[in-house]
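Number of protein chains: 2
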Amino acid sequence: MLSKNQKKLIAAMAQKKQRDVHGLFLAEGDKIVRDLLAAGMTPQLLVATDTWLLPANLVAEHFPMVITSRDELEKVSLQKTPQNVLGLFPQHKHHLKNSAIKNNLTLLLDGVQDPGNLGTIIRLADWFGIGDIVCSTDTADLYNPKVIQSSMGAIARVRVHYTNLSGFIEIYKKETGNPVYGTFLKGDNVYQAKLLNQGLLIMGNEGQGIRDEIGSMVTNRITIPSYPANEPTSESLNVGVATAILCSEFRRQASL
Amino acid sequence: MLSKNQKKLIAAMAQKKQRDVHGLFLAEGDKIVRDLLAAGMTPQLLVATDTWLLPANLVAEHFPMVITSRDELEKVSLQKTPQNVLGLFPQHKHHLKNSAIKNNLTLLLDGVQDPGNLGTIIRLADWFGIGDIVCSTDTADLYNPKVIQSSMGAIARVRVHYTNLSGFIEIYKKETGNPVYGTFLKGDNVYQAKLLNQGLLIMGNEGQGIRDEIGSMVTNRITIPSYPANEPTSESLNVGVATAILCSEFRRQASL
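Chains as they are written, first to last, in this note's numbering: chain A, 11 to 266; chain B, 11 to 266.
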């Protein structure tokens with residue numbers, strides 16, 4: 011059974027302030043918990059029903075684990091459809107060095123607000139071998155439960171950083187000389203542009219796009235053309251969808 | 011002020027059964043309502059605060075409209091962050107003829123469950139000039155408020171149909187001779203495959219993919235390769251993201 015304090019701690023994970031005070035985050039579901047364990051993350055607490063199958067190679071690790079009833083697990087879960095395991099894991103700050111990222115494509119998020127969009131972007135970054143995502147400080151919080159759930163375990167492999175974007179870009183450009191791609195409604199047709207797989211790719215806020223201050227630092231403005239050209243259509247693409255199309259096109263060109 | 015019956019009718023739109031009984035759906039927010047009006051849809055009821063700006067060319071249309079307080083609009087809204095207008099619109103059944111779709115790319119959804127994913131797919135179909143989406147009967151309901159909101163008005167331009175998929179595909183193949191593309195975790199690399207922009211593109215359920223019965227009717231199995239090849243990564247891409255990448259690649263090849 012869970013203690014009163016354990017229940018309170020799990021419930022507290024719904025709030026960023028509480029997550030930061032405790033330095034923890036909540037991950038729910040077999041797939042995500044397994045991915046985090048496999049990545050070497052040590053939970054502060056695992057809560058599972060007796061139907062959960064612990065990977066055998068992890069049995070020796072001896073992390074604190076509470077076996078509980080399905081009913082109790084459902085009560086503490088923050089998800090609509092609770093699964094048979096959840097874990098409290100320590101937050102992790104990653105160091106970001108230009109020397110380490112200069113030979114790969116790195117994503118920059120300028121004020122992406124929706125946690126679902128951030129989770130989607132982390133998951134697709136994982137698919138496309140993008141190791142680092144650098145976020146403005148007003149981007150959605152990595153440890154928001156919605157981000158964790160929609161990233162589907164990709165946070166075990168993709169490093170997400172929060173920093174002052176303009177300061178970061180300035181130093182990155184000076185130290186690497188790499189291009190800085192920015193996505194706009196008007197820019198070079200992404201299918202015709204020559205895309206280098208060493209550089210930054212900046213995606214903007216859902217409603218406002220990339221801030222002017224950040225936009226002015228972009229060296230290559232690119233756009234995803236609608237089809238057929240010049241017909242009435244949606245005003246824009248969802249930022250997760252746009253990021254997916256761009257990453258796909260960068261990697262397609264890299265594979266030629 | 012809204013009558014009690016009007017309030018009840020709006021609240022009923024949260025449930026599929028009630029939506030179908032009344033033949034109506036709820037759209038909230040200036041952008042979506044404008045898009046639906048611009049597409050020639052006549053609302054059964056519009057509810058707006060006095061801050062809403064009605065497009066001048068529509069003033070003459072005389073549809074039933076209630077001006078209400080922000081407070082009352084917030085009370086009847088199904089959204090977390092209500093806007094200054096909502097509308098009840100009639101559901102619309104579109105006819106689907108193979109002769110009308112055989113020269114374009116048509117999307118097929120085999121059991122896509124998440125309303126947000128369906129809305130995302132409708133929005134990106136609009137961007138990529140896909141006029142018709144054919145859904146299995148167990149796909150999320152087009153008129154679910156989450157679908158309407160995440161489609162961002164694209165439902166004014168994209169026709170969404172529900173039918174028995176295997177029956178549809180069988181007749182489509184016979185009548186058009188076009189290819190039937192299906193997306194799988196194993197298939198031809200989509201960047202190297204020759205993609206024709208006349209045909210069907212089938213996307214599967216979030217967890218299970220395409221059903222075997224439907225999969226057996228596919229003529230071209232395609233896949234989005236992860237990058238770099240053969241490194242540990244996420245097991246799959248979100249279905250909205252995968253659809254976006256594939257539609258982008260179909261249209262890129264069409265533009266060559």
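No wet-lab data here; the hints were simulated from the structure.
Careful: at least some of the hints might be erroneous.
You can't tell identical chains apart in this list, so a pair holds if it fits in one copy or across any two.
[As the list claims (entries may be wrong)] For lysine-lysine, the following DSS-like pairs were computed, each having C-alpha atoms within a straight-line distance of at most 25 Å:
1. Lys107 <-> Lys85
2. Lys41 <-> Lys196
3. Lys107 <-> Lys196
4. Lys27 <-> Lys184
5. Lys183 <-> Lys26
6. Lys183 <-> Lys85
7. Lys156 <-> Lys90
8. Lys90 <-> Lys112
9. Lys17 <-> Lys112
10. Lys204 <-> Lys156
11. Lys183 <-> Lys112
12. Lys183 <-> Lys17
13. Lys196 <-> Lys156
14. Lys183 <-> Lys107
15. Lys90 <-> Lys26
16. Lys27 <-> Lys90
Structure-based check of each hint:
1. In this assembly of identical chains, the alpha carbons of Lys107 and Lys85 never lie at most 25 Å apart, being 42 Å within a copy and 50 Å across copies at closest.
2. With identical chains, the CA atoms of Lys41 and Lys196 are at most 25 Å apart between copies only, with a shortest distance of 21 Å across copies and 40 Å within one.
3. For a Cα distance limit of 25 Å, the shortest separation of Lys107 from Lys196 qualifies neither inside one copy, at 31 Å, nor across copies, at 36 Å.
4. Taking CA atoms no more than 25 Å apart as the test, Lys27 paired with Lys184 passes in neither setting, with 35 Å inside one copy and 60 Å between copies.
5. With identical chains, the CA atoms of Lys183 and Lys26 are never at most 25 Å apart, being 32 Å at best within one copy and 53 Å at best between copies.
6. For the identical chains of this complex, Lys183 and Lys85 are neighbours neither inside a copy (49 Å) nor across copies (50 Å), given an alpha-carbon limit of 25 Å.
7. Taking the shortest Cα distances, Lys156 and Lys90 sit within 25 Å of each other both inside one copy (11 Å) and across copies (16 Å).
8. With identical chains, the CA atoms of Lys90 and Lys112 are never at most 25 Å apart, being 41 Å at best within one copy and 41 Å at best between copies.
9. Taking the shortest Cα distances, Lys17 and Lys112 never come within 25 Å of each other, neither inside one copy (44 Å) nor across copies (57 Å).
10. Taking the closest pair of Cα atoms, Lys204 and Lys156 never come within 25 Å of each other, the shortest separation being 35 Å inside a single copy and 38 Å across copies.
11. For the identical chains of this complex, Lys183 and Lys112 are intra-copy neighbours only, at 10 Å inside a copy versus 49 Å across copies, given an alpha-carbon limit of 25 Å.
12. With identical chains, the CA atoms of Lys183 and Lys17 are never at most 25 Å apart, being 47 Å at best within one copy and 57 Å at best between copies.
13. For the identical chains of this complex, Lys196 and Lys156 are neighbours neither inside a copy (31 Å) nor across copies (29 Å), given an alpha-carbon limit of 25 Å.
14. Taking the shortest alpha-carbon separations for Lys183 and Lys107, only the intra-copy value of 13 Å comes in at or below 25 Å, while the best inter-copy value is 54 Å.
15. Within a single copy, Lys90 and Lys26 get their C-alpha atoms as close as 19 Å, and across copies as close as 19 Å, so both meet the 25 Å cut-off.
16. For the homomeric pair Lys27 and Lys90, the shortest alpha-carbon distances inside one copy (22 Å) and between copies (22 Å) are both at most 25 Å.
Violated hints, listed in ascending order, are 1, 3, 4, 5, 6, 8, 9, 10, 12 and 13; each of the other numbered hints is respected by the structure.
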